[in-house]
Amino acid sequence: MPKDTLTFVLEGEVTLSSYAAAMAEFNALLNNLGKEVGGDAGIDWVVDELFAGSAVATFHGLYEDVKVVETVVDTYEVVGDALANGREIPYSEPVRRNAWNLTSLLNGKITSLRFETPAREFIVSSKSKIGEKAMPMKYSLGTVKGTIQTLTMRRKLSFTIWDTLFDKPVNCYLKEGEEERMRYAWGKRAVVTGRIGRQSESGRPIVIREVKDIHILENAEPGSYKRARGVLPWSQGDEKPEDILRRMRNA
Amino acid sequence: MQTFFLSYVNSIPDRVPILDAILEGMESSKTDRIVTSVVSKVEVTWVAHEKLNRILNKEEEARIDAIWNNSELVEMVDFNDEIALAARKLMREGMARGWKLKTNDAIHLASAQWVGAMELQTYDKDDMPRFSQLLGLTICEPHVIQPKLF
Numbered sequence: 001m002p003k004d005t006l007t008f009v010l011e012g013e014v015t016l017s018s019y020a021a022a023m024a025e026f027n028a029l030l031n032n033l034g035k036e037v038g039g040d041a042g043i044d045w046v047v048d049e050l051f052a053g054s055a056v057a058t059f060h061g062l063y064e065d066v067k068v069v070e071t072v073v074d075t076y077e078v079v080g081d082a083l084a085n086g087r088e089i090p091y092s093e094p095v096r097r098n099a100w101n102l103t104s105l106l107n108g109k110i111t112s113l114r115f116e117t118p119a120r121e122f123i124v125s126s127k128s129k130i131g132e133k134a135m136p137m138k139y140s141l142g143t144v145k146g147t148i149q150t151l152t153m154r155r156k157l158s159f160t161i162w163d164t165l166f167d168k169p170v171n172c173y174l175k176e177g178e179e180e181r182m183r184y185a186w187g188k189r190a191v192v193t194g195r196i197g198r199q200s201e202s203g204r205p206i207v208i209r210e211v212k213d214i215h216i217l218e219n220a221e222p223g224s225y226k227r228a229r230g231v232l233p234w235s236q237g238d239e240k241p242e243d244i245l246r247r248m249r250n251a
Numbered sequence: 001m002q003t004f005f006l007s008y009v010n011s012i013p014d015r016v017p018i019l020d021a022i023l024e025g026m027e028s029s030k031t032d033r034i035v036t037s038v039v040s041k042v043e044v045t046w047v048a049h050e051k052l053n054r055i056l057n058k059e060e061e062a063r064i065d066a067i068w069n070n071s072e073l074v075e076m077v078d079f080n081d082e083i084a085l086a087a088r089k090l091m092r093e094g095m096a097r098g099w100k101l102k103t104n105d106a107i108h109l110a111s112a113q114w115v116g117a118m119e120l121q122t123y124d125k126d127d128m129p130r131f132s133q134l135l136g137l138t139i140c141e142p143h144v145i146q147p148k149l150f
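Chains as they are written, first to last, in this note's numbering: chain A, 1 to 251; chain R, 1 to 150.
It is worth saying that the hints were derived from the structure and are not from the lab.
Note that beta-carbon positions come from the ideal geometry of N, C-alpha and C, so glycine has one too.
Take the hints with a grain of salt, since some may be wrong.
[What the hints assert, rightly or not] Reference listing, derived: stretches of chain A covered by chain R, where coverage requires no fewer than 3 residues with Cβ under 8 Å from a Cβ of chain R: (1) 137 to 146; (2) 225 to 239; (3) 242 to 251.
If we strip away everything but chain A, and leave its shape as in the complex, we get (with noise of 0.2 Å):
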């Protein structure tokens, strides 16, 4: 599967006028990129998703040449990386400057950017326009429970489930071949499995790629709850919970 897509996120409170402001550099940043590692190539970037709860936007790049497409989006990574790491984006300098001047837009209502790709992500904070490393994200196995709401099979095999948690959307990355797990999922609330990436400072997850597990959950009947309701029953004089389970924690 071609690597052709990207994904370019704020995050915080966009307004209207901050998000055309991103937009317009985010598309020069392209551009810019274009012209220097892909001959000039004049690749379209197609809109993908769109998602509002963080300003989420993926496009993917329409060329002759796909190959041309790969290099771009490898190069975005290199931004990403150097933005995130306080280094040097070694590239022209109308690259450097719209990649720094989308971090002019770390306003605090802006929080941070995230640069990411099929195969990677970024997150930028203010720490970035000081030339201080950001907090880098941190991966561990776990599980995200929430509603999935977009699969994508054509582009790039990936789906998103928006967490119930944080109410936001957390980008979901399958290997190929995988993509029958996916199948009656859409719209399913669900436990998603795999290695998690997480925003330092929130824990808040961001992607999970190498997915191991989707557990489809099944809709409680209506107050199924009270089946559980004295399934241990109680009688006066019993010792209460809180003392038995302070007791086994002290011991």
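Fit chain R to the supplied structure of chain A, relying on the hints for placement.
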């Protein structure tokens, strides 16, 4: 929160009306949930074994699972790295004040803090409530309710 669930599975007479009211309200709410650490699943069973002096049979486990599996009602929070670090910090800060905090208490408090819970409801009046100010979190007995209770 486990004392909340345990009081419900114990059906303690003076607690059940308030617990029923909370659970009914939560299940019918489109936005609010009870949030609890996955550790609760183990602790409820652990206390059950202690109380009964035997392991739970499959039917009893299935009845308790009817709470955990109702995702309209209860949201489980994984024990993750951020929660582990927050729990460790709470234990350290508690110790500096001369307060004891057991590992599982710290995990529950840190989990509540991590999800941004509005309240932590518990019948445990001994060790946890004094952490309220440290966490900026109300810790109180179960009552009917505001959004996002832990």
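Tell me whether the statement that chain R covers the stretch 225 to 239 of chain A is true, taking a Cβ distance below 8 Å and needing three residues at minimum. holds (count 12)
Tell me whether the statement that chain R covers the stretch 137 to 146 of chain A is true, taking a Cβ distance below 8 Å and needing three residues at minimum. Per the Cβ count (5), the hint holds.
Can you take a look at whether the stretch 242 to 251 of chain A is actually covered by chain R? Rule is 3+ residues, C-beta closer than 8 Å. holds (count 7)
In summary, the structure agrees with every hint in the numbered list given earlier.
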